[in-house]
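Construct the entire structure; sequences and hints are all you get.
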Amino acid sequence: MKYDVLIIGGGLAGLTCGIRCAEKGLRTAIISGGMNSLHFSSGSIDLAGYDEDGEVVKKPFDQVKKICRTRMDHPYAKAGLPVIKKSMDFFIDKTSSAGLTLNHNADMNHFHITGLGMLKPAYLSQESVFSPRGLEVVNSREKIAVMNFKGFRDYYPEQTAAYLKKNRIFADREIVLGEVSLPWYMNTQKNLNEFRSTDLARIFETEKYLPRIAEEIRRAAGDATTVSLPAFLGINNYRAIRKRLEEMTGKFIYEIPTLPPSILGLRIDHALKDSFIGHGGEFIAGERAESGPSDSGMLEYINTRNTGREPVSAKFYVLATGSFFSGGLTSDSQKIMEPVFNFKVNADGKRSKWYSWFFFDAKSHPFLSYGVETDKNFNPVNDRGRTVENVFCAGAVLSGYDPVREGCGGGVAISSGFACAEKITGELKK
Amino acid sequence: MIKLENISFDHCIKCTVCTIYCPVSQATHLFPGPKQSGPDSERLRIKNPELVDASLKYCTNCKRCEIACPSDVKIAEIIQNAKWNYLKINWFRPRDWFMSRTDFVGSIATRMSFITNFVLKLRAVRVLMYLLLRIPYRRTFPSYESSAFENVFRKEIAPTQKDYEKRVVYFHGCFVNYNNHALGKDFVKVMNAMNYGVEIMKEKCCGVPLIANGYLEKAKKNAAYNINSLQSAEEGKRIVATSSSCAFALKYEYSSFLELDNSKIIERTDYATRFISEEFLSGNMPKMKRLGIRAAYHSPCHLERMGGVMHTLNVLKMIPGLDLVVLNSECCGIAGTYGFKNENYEISQAVGSRLFDMIHSADPEFVITDCETCKMQIEMNTNYKVLHPVTVIAMALKEK
Numbered sequence: 095m096k097y098d099v100l101i102i103g104g105g106l107a108g109l110t111c112g113i114r115c116a117e118k119g120l121r122t123a124i125i126s127g128g129m130n131s132l133h134f135s136s137g138s139i140d141l142a143g144y145d146e147d148g149e150v151v152k153k154p155f156d157q158v159k160k161i162c163r164t165r166m167d168h169p170y171a172k173a174g175l176p177v178i179k180k181s182m183d184f185f186i187d188k189t190s191s192a193g194l195t196l197n198h199n200a201d202m203n204h205f206h207i208t209g210l211g212m213l214k215p216a217y218l219s220q221e222s223v224f225s226p227r228g229l230e231v232v233n234s235r236e237k238i239a240v241m242n243f244k245g246f247r248d249y250y251p252e253q254t255a256a257y258l259k260k261n262r263i264f265a266d267r268e269i270v271l272g273e274v275s276l277p278w279y280m281n282t283q284k285n286l287n288e289f290r291s292t293d294l295a296r297i298f299e300t301e302k303y304l305p306r307i308a309e310e311i312r313r314a315a316g317d318a319t320t321v322s323l324p325a326f327l328g329i330n331n332y333r334a335i336r337k338r339l340e341e342m343t344g345k346f347i348y349e350i351p352t353l354p355p356s357i358l359g360l361r362i363d364h365a366l367k368d369s370f371i372g373h374g375g376e377f378i379a380g381e382r383a384e385s386g387p388s389d390s391g392m393l394e395y396i397n398t399r400n401t402g403r404e405p406v407s408a409k410f411y412v413l414a415t416g417s418f419f420s421g422g423l424t425s426d427s428q429k430i431m432e433p434v435f436n437f438k439v440n441a442d443g444k445r446s447k448w449y450s451w452f453f454f455d456a457k458s459h460p461f462l463s464y465g466v467e468t469d470k471n472f473n474p475v476n477d478r479g480r481t482v483e484n485v486f487c488a489g490a491v492l493s494g495y496d497p498v499r500e501g502c503g504g505g506v507a508i509s510s511g512f513a514c515a516e517k518i519t520g521e522l523k524k
Numbered sequence: 026m027i028k029l030e031n032i033s034f035d036h037c038i039k040c041t042v043c044t045i046y047c048p049v050s051q052a053t054h055l056f057p058g059p060k061q062s063g064p065d066s067e068r069l070r071i072k073n074p075e076l077v078d079a080s081l082k083y084c085t086n087c088k089r090c091e092i093a094c095p096s097d098v099k100i101a102e103i104i105q106n107a108k109w110n111y112l113k114i115n116w117f118r119p120r121d122w123f124m125s126r127t128d129f130v131g132s133i134a135t136r137m138s139f140i141t142n143f144v145l146k147l148r149a150v151r152v153l154m155y156l157l158l159r160i161p162y163r164r165t166f167p168s169y170e171s172s173a174f175e176n177v178f179r180k181e182i183a184p185t186q187k188d189y190e191k192r193v194v195y196f197h198g199c200f201v202n203y204n205n206h207a208l209g210k211d212f213v214k215v216m217n218a219m220n221y222g223v224e225i226m227k228e229k230c231c232g233v234p235l236i237a238n239g240y241l242e243k244a245k246k247n248a249a250y251n252i253n254s255l256q257s258a259e260e261g262k263r264i265v266a267t268s269s270s271c272a273f274a275l276k277y278e279y280s281s282f283l284e285l286d287n288s289k290i291i292e293r294t295d296y297a298t299r300f301i302s303e304e305f306l307s308g309n310m311p312k313m314k315r316l317g318i319r320a321a322y323h324s325p326c327h328l329e330r331m332g333g334v335m336h337t338l339n340v341l342k343m344i345p346g347l348d349l350v351v352l353n354s355e356c357c358g359i360a361g362t363y364g365f366k367n368e369n370y371e372i373s374q375a376v377g378s379r380l381f382d383m384i385h386s387a388d389p390e391f392v393i394t395d396c397e398t399c400k401m402q403i404e405m406n407t408n409y410k411v412l413h414p415v416t417v418i419a420m421a422l423k424e425k
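As they're listed, the protein sequences go chains V and P. For the first sequence, the numbering used here assigns the number 95 to the initial residue and increments by one for each residue that follows. For the second sequence, the numbering used here assigns the number 26 to the initial residue and increments by one for each residue that follows.
Computed cross-link-like contacts, PhoX-like style, restricted to lysine-lysine with a CA-CA straight-line distance of at most 20 Å:
(1) P:Lys289 / P:Lys262
(2) V:Lys409 / P:Lys342
(3) P:Lys82 / P:Lys113
(4) P:Lys227 / P:Lys289
(5) P:Lys229 / P:Lys245
(6) V:Lys118 / P:Lys342
(7) V:Lys409 / V:Lys96
(8) P:Lys342 / V:Lys96
(9) P:Lys227 / P:Lys180
Listed next, with one range per pair, are the computed distances between beta-carbon atoms:
(10) P:Asp286 / V:Leu213: 58 to 64 Å
(11) V:Thr424 / P:Glu292: 26 to 32 Å
(12) P:Asp65 / V:Lys447: 33 to 39 Å
(13) P:Phe129 / V:Phe419: 47 to 53 Å
(14) V:Phe419 / P:Asp65: 19 to 25 Å
(15) P:Ser386 / V:Asp187: 19 to 25 Å
(16) V:Glu340 / P:Glu75: 46 to 52 Å
(17) P:Lys410 / V:Val498: 52 to 58 Å
In short, the hints are calculated from the structure, not lab data. Quick caveat: nothing in here was measured; it's all calculated off a predicted structure. Glycine included, every Cβ here is placed at the ideal spot set by N, Cα and C.
Shown next, in the form of structure tokens:
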């Protein structure tokens, strides 16, 4: 099979790269072994959340600029500030044409609220999490209602409220708790406690029960002007549903991400896949890359689980297999490896140095910044020490940054994926 | 005893991603979803088979859960196994027996095809089938040919294939054998245009409907027969099937689910578009004329599961003048014999509804898909004619 670009990994980085390549008219395929980790994410995109001292960053692009100047191993420095800016605009544009609006706070960070009630800085969020109107409501200092659906066990509003109270922004705000009961729904033998976020999102999607739910919200929230619900206001038509609910209740509806599966993340995943397929990309789900020879400094082809006799080949390859969670990096008791091609990995040799003794260490865990070593073009090095020139690496498989401590996982995935696409289109023009 | 190879449920991290993508869970809350029915409950069933849950019967075995799983758990296999090993299922199931005996029913139906096709359209007969056999009244049946493809092949086609130096073994499957000779003939035409002769071996139903209806012993017998027959084909000859589900069974289910040794045929067996794609890429491409057709492509579940969609897309993209709209992957809902049963009919239609909407909004001239039951489902629910990729190539071939 001869593709222009073959991307291994269908997550945030792989899809961003794929959309850009397909848009440029390249024959692009993504092979994706299992669904990506957007299904486990908050659905907000962080660009640069915290600085070197762990302080919240207000202007993320200033922080990115600083990183580009000072830390040459950081993926941001390799992508460069202009490409990073362009990639963010590109991302907003592509998700928006797929029907998902992502807002930013005039290029400044905003906070989104986690299920535990923590505030996390982010650059982009969906309109139920950040919008100019939402900002007004937060600043209005009026009453907030934190609500849940009766029987839903993947979210506890008491915890959200308790942690919000500890934050100075919300310390003197009145926060009330409330429960909305699920309308009688279909002729199901299922116990309400078994409903997960997707089940509830599907009930919302029918739009049948909205008046009833709106009525219950109005009653339980009283005079609160803002109502937070666990994020399941529908998957594909959530904008229309949220608008209707806001009209019917007269309240600002906020969404808080739940335990997986995260509907907020799912919406981004769906928007990106729609965009990729809409641009003519081929998304091959359930296929896993297993190996490929790159001794000559060029990756010749890859073997996948199903291809057997006839391997898959392309002019360029992008490795976007993610970090440990997604299987892009693995470890045994001795060392950390990149399992598909055995590319060189940046990591401490000693296992005892991989992690910190404290789970919530403010300095984070060293293993979070491990990953494939790349040169300034995102090209990796194979096990013979040769740079592989037709392979580019993007996203969490990269080394040189800590997505948790720096709050930059989303930004690195999008900008490095985009940067790889730009490099490939540049190479093909030559 | 727990068989070591069957502990893939241990890799489940409870992320519930499979349940998001389960077409049945999307259509009804009666099915608790692949995570709960598969890996969650399996550990209980292993301890005590009495803990089996009747909701397992909602699973269509489409395998989209396995495609979605980030941890590579064989979810659908776990469910299929549990369904037939633990559920106490009534032995007297005339409908399921007939539906899964495609060879038996097919050979009788083709012998009196004129009557069969007439009778199957009669309202009274359909009411009776609805009442007695619990087959949905609104479901349309494919019409039967007047003889089996294998007979036609031996009589009319085989003599013309002797001149070819290179040959492939064609696994036609029941649908071509009893219901759709045209596809078999198109396949021969395409192979001949690529300078391959075609031969067939003795074959029985691949076993997919038998597995789906719980006749595992009979499925094993058929599988052993097919393995035996196919591996006696001359060394080096490729075995090609035009049904995606047949190919999936021959290559994967025979070994992983029925636990038979198919190692001698696995490497040389392929679904048609993969073989054709390889030949096209190596330069063996017949002369084709511009088609000037706009078509929508729907990818069947089992083809996705075996990673075959990329080959079909590759072949279709190389046909000149074929304007292709690739539909976002969705299950059509019929799942073989599943949609032919009263108790599943509404779920089956609900699952397919999103695909039908997508087809309508794509507004093509034809729909292309690889699977015969997807074809039945789409043709019944939309006004579009559904073509097999091989047929589309045959349409594009320049007449000699």
